[in-house]
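K.L.:
In case you want the letters, here they are:
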Amino acid sequence: MARNRRLQSPARSLANRLLRRFGNLPLVQRIQNYVFMHVHLFVASLGRICRTPIASAMTVLVIAIALTLPASFHTLVDNLGRAAGNLEATNHISIFLKPDAVNEVGSRIARKLAEHPQVKEARLVTKEEGLQEFRRYSGFGEALRLLDFNPLPAVVAVTPKDSLTRPEDVDRLIEELKGIDQADLVQMDSDWMHKLAAILSIARRTVGMLDLLLALAVLLIVSNTIRLELHAREEEIAITKLMGATDGFVRRPFLYTGFWYGLGGGLLAWILMSILILLLDGPVSRLAELYGGGFELEFLDGGKSLPLILAAAGLGIAGAWGVVDYHLRRMAPT
Amino acid sequence: MLQFSNVYKRYPEGGDALAGISFRLKPGEMAFLTGHSGAGKSTLLRLIPLIERPTRGQITVGGRNLARLGNRDIPHLRRQLGLIFQDFRLLYDRTVYDNVALPLVIAGFGPAEIGRRVRAALDKVDLLSKEKRYPRGLSGGEQQRVGIARAIVHKPPLILADEPTGNLDPALSEEIMLLFRELNQVGVTVLIASHDLGLISRLGSRVLELNQGRLEPEH
Ligand SMILES: Nc1ncnc2c1ncn2[C@@H]1O[C@H](COP(=O)(O)OP(=O)(O)OP(=O)(O)O)[C@@H](O)[C@H]1O
Ligand SMILES: [Mg+2]
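Chains A and B, in that order, give the protein sequences.
According to numbering that gives the first Met the number 0, the stretch in the first sequence is residues 0 to 333, in order.
According to numbering that gives the first Met the number 0, the stretch in the second sequence is residues 0 to 218, in order.
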């Protein structure tokens, strides 16, 4: 019996709490009022922000800039990563022959290398083909026309067998190819790719840290703006608390304010990113063509924009929450 | 309704503002709190909504011991009180209507109910025609009446007023005191701190007189 009563008491205290909160009005009407209050605050907080357009615009702009930094860094790293992926597929070795070696020498070397156990394919790129490609992609076509001879060497493009994956095996093959009589320069196309991959992995880690830092910056911007507003509305808060407002009631409008600042900053950052990408798209696709990568800049798909904007709104709410809570704890209980 | 038992209040700087206060207000009773300036009237009133906590002694409001209430319970306590301040404490960037609506908004009432009750309260203090005005544009007496409307709009069982007629002319003072008596006649318990001894004696209610933080014996 005694145990039973003890078990009941938390439930009863919860019931009392609910009753306090919802008073004696019908539940449905209480919920209606609650929803109405939130809709009201949602609109009213936006109205309050718009009443100080310049100060609010500055806050939103600073948030947007803080967000654009990591977002553009992400875009850069992502796109470089994808570019690197595309290029890795063309993982081949180029043997540049001595300038005076004629095409026939090249085709003999190519035929012989095709028999090599570690080579999948060996193909001659004649001097003439080289010149044509160079004209097409480099933009130096006109300058070359002025020369009355072809300065480009014949090249044998060697694709190693797919089984040749370990770097030291590739290196051994390269050493062997360097021994060919007419070879001037042997270059692994993916040499710099490995370096790029290393740089990219560092960059990815840096991006993570940058994200954290700039998320912190957004938190600070929002909380500082809200702190100023709290200051301006100190008397109002004191009066509402005297009239029986809970901390939640005092906090709510500021959370909406934080939400609007974050959302505004996120949307503006998204617009800034879009402009940036539109501006870069032309040069980048020309560059991509030059390297035979054939890719387009990517950013504006919902998969990345939505998280950016939602994260911004969330940071706005979190920043507001932190500073209002701090303020309320300092002024408690009056 | 309200009971003080041997209550002390000592501020960190300075001596006892209240020393050994004991009295009881029955439900539906009306009383005046008088005393010289600095006698402790405001301090006593501040202890009831827990704006301050007593140093010693026990206060019960509506049968609830205030010492047992944590900070989380304070909002609920305050919603059952009607507070009127000498310096009005109105929101100057809100209309008269919004000011009076505040306790109802806090308590979570819907817009229709709020409209009905706010107009009833404004009608009682004779300010129905000024609901869209801002408090700055009102006279001191009108601002005090806005404060009174706000204190009664949620129909609290206990009203505490700290010098509600401090800045009013005698005619208005009397009118406001009569309003309090009217509220008292419909069952609200009222405690009013006031200097206006002439008016108090004319109204003939119970008087609690403070002298340097102590209650004088009642006669
Ligand atoms: N926050 C405070 N900190 C320190 N001392 C205070 C504080 N509030 C009031 N006091 C002191 O407590 C005593 C009582 O002050 P209280 O304001 O209650 O007087 P009162 O009766 O309301 O006076 P008045 O008629 O002038 O309003 C005074 O001596 C005052 O100096
Ligand atoms: Mg006083």
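Hints are computed from structural coordinates only; laboratory data are not their basis.
Accuracy of the hints is not assured; some may be wrong.
Claimed, not checked - Reference listing, derived: stretches of chain A covered by chain B, where coverage requires no fewer than 3 residues with Cβ under 8 Å from a Cβ of chain B:
id, stretch
1, 93–99
2, 266–273
Unchecked claim - Not the full set, but computed from the structure, chain B residues with beta-carbon under 10 Å of chain A:
id, residue
3, R77
4, R78
5, F84
6, Y96
7, I105
8, G107
9, H153
10, K154
11, L157
12, E162
Stated by the list, open to error - Here are the in silico distance ranges between beta carbons for each label pair:
id, chain 1, residue 1, chain 2, residue 2, range
13, B, S200, A, I53, 56 to 62 Å
14, A, N223, B, P110, 33 to 39 Å
15, A, T205, B, G107, 46 to 52 Å
16, A, S200, B, H75, 53 to 59 Å
17, A, I64, B, K131, 40 to 46 Å
18, A, S273, B, D125, 43 to 49 Å
19, B, V185, A, L60, 55 to 61 Å
20, A, L60, B, R71, 24 to 30 Å
21, A, R329, B, V185, 25 to 31 Å
22, B, G13, A, V42, 57 to 63 Å
23, A, V42, B, K131, 45 to 51 Å
24, A, I53, B, E215, 35 to 41 Å
25, B, K154, A, A56, 40 to 46 Å
Backbone N, C-alpha and C define an ideal beta-carbon position, used for all residues, glycine too.
K.L.:
Taking the hints in turn, state whether each one holds.
P.N.:
Hint-by-hint comparison with the structure:
no.: 1; hint: 93–99; in the structure: violated (count 0)
no.: 2; hint: 266–273; in the structure: violated (count 0)
no.: 3; hint: R77; in the structure: holds (4 Å)
no.: 4; hint: R78; in the structure: holds (4 Å)
no.: 5; hint: F84; in the structure: holds (8 Å)
no.: 6; hint: Y96; in the structure: violated (15 Å)
no.: 7; hint: I105; in the structure: holds (5 Å)
no.: 8; hint: G107; in the structure: holds (5 Å)
no.: 9; hint: H153; in the structure: holds (9 Å)
no.: 10; hint: K154; in the structure: violated (12 Å)
no.: 11; hint: L157; in the structure: violated (13 Å)
no.: 12; hint: E162; in the structure: violated (16 Å)
no.: 13; hint: B:S200 with A:I53: 56 to 62 Å; in the structure: holds (59 Å)
no.: 14; hint: A:N223 with B:P110: 33 to 39 Å; in the structure: holds (34 Å)
no.: 15; hint: A:T205 with B:G107: 46 to 52 Å; in the structure: holds (49 Å)
no.: 16; hint: A:S200 with B:H75: 53 to 59 Å; in the structure: holds (57 Å)
no.: 17; hint: A:I64 with B:K131: 40 to 46 Å; in the structure: holds (42 Å)
no.: 18; hint: A:S273 with B:D125: 43 to 49 Å; in the structure: violated (60 Å)
no.: 19; hint: B:V185 with A:L60: 55 to 61 Å; in the structure: holds (57 Å)
no.: 20; hint: A:L60 with B:R71: 24 to 30 Å; in the structure: violated (39 Å)
no.: 21; hint: A:R329 with B:V185: 25 to 31 Å; in the structure: violated (40 Å)
no.: 22; hint: B:G13 with A:V42: 57 to 63 Å; in the structure: violated (48 Å)
no.: 23; hint: A:V42 with B:K131: 45 to 51 Å; in the structure: violated (20 Å)
no.: 24; hint: A:I53 with B:E215: 35 to 41 Å; in the structure: violated (60 Å)
no.: 25; hint: B:K154 with A:A56: 40 to 46 Å; in the structure: holds (45 Å)
Hints 1, 2, 6, 10, 11, 12, 18, 20, 21, 22, 23, 24, counting from the list given before, are not met by this structure.
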